[in-house]
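Trainee: All chains, please: the whole structure from these sequences, using the hints.
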Amino acid sequence: QSVLTQPPSASGTPGQRVILSCSGSSSNIGSNNVYWYQHLPGTAPKLLIYRNNQRPSGVPDRFSGSKSGTSGSLAISGLRSEDEADYYCAAWDDSLSGRVFGGGTKLTVL
Amino acid sequence: EVQLVESGGGLVQPGGSLRLSCAASGFTFSSYEMNWVRQVPGKGLEWLSYISSGGNTMYYADSVKGRFAISRDNAKNSLYLQMNSLRGEDTAIYYCAREKYYDNSGYDFWGQGTLVTVSS
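Here the protein sequences line up with chains A and B, keeping their order.
Take the first sequence: its position 9, counted from the start at 1, is 9 in this note's numbering, and no numbers get skipped.
Take the second sequence: its position 29, counted from the start at 1, is 29 in this note's numbering, and no numbers get skipped.
Quick partial rundown of chain B residues pointing at chain A, CB under 7 Å, derived from the structure:
(1) Leu45
(2) Tyr59
(3) Ala61
(4) Ser105
To list a few chain B residues with every Cβ distance to chain A over 10 Å, as calculated:
(5) Gly66
(6) Ala69
(7) Glu89
(8) Thr117
Lysine-lysine pairs mimicking PhoX-like chemistry, simulated, CA-CA at most 25 Å apart:
(9) B:Lys43 - A:Lys106
(10) B:Lys43 - A:Lys46
(11) B:Lys100 - A:Lys46
(12) B:Lys100 - B:Lys76
Keep in mind that the hints were calculated from the coordinates and are not lab data.
Where a beta carbon is used, it is the ideal one built from N, C-alpha and C, also for glycine.
Mentor: This is the structure in structure tokens:
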């Protein structure tokens, strides 16, 4: 069972906006930054969002992140077929003295 | 071009040991903190261990504490993970990932991973 909680699946149609959620606690998201990664099986994971809402260069502005209290969210607008992947949130956990990941959300583009 | 290339994976018996390596190139390795992350087949990502840029500070996930040891050789631009007392549940793809910890910039580059299979 993951420390950060993500819904196991989500879906949307091309062009739609979807929001993926990540729920934590005061020891992780509540007091530290949230990160989001995109992972296609068999490939290296890719950083999408750092410091809650910052995009690395090269990440389209269709991807945006936010944080409120002990929860984070990743919004994907203008959904495309290539967005079909697994999405993971992550944060440092002060109680565990380590990084924790969510269980991941498998996004399907219908 | 930034590259992280893991090696050392393979088949090992339960109770056995394995040493993974991660060769870095295309950036100043000694300026980055490094991590090991794994993915059990069909499961999510699991952070395993962190090492500071100078190698003085290490953190471990509870699942591997006391069994795995992270280390680095900045002169060789290499990161290592010594894995002892391996169990079936350690079967996974193991990734190395870099970060600028104090910049809170996240794991901005990952290797392609190396597969470890623990089975008799």
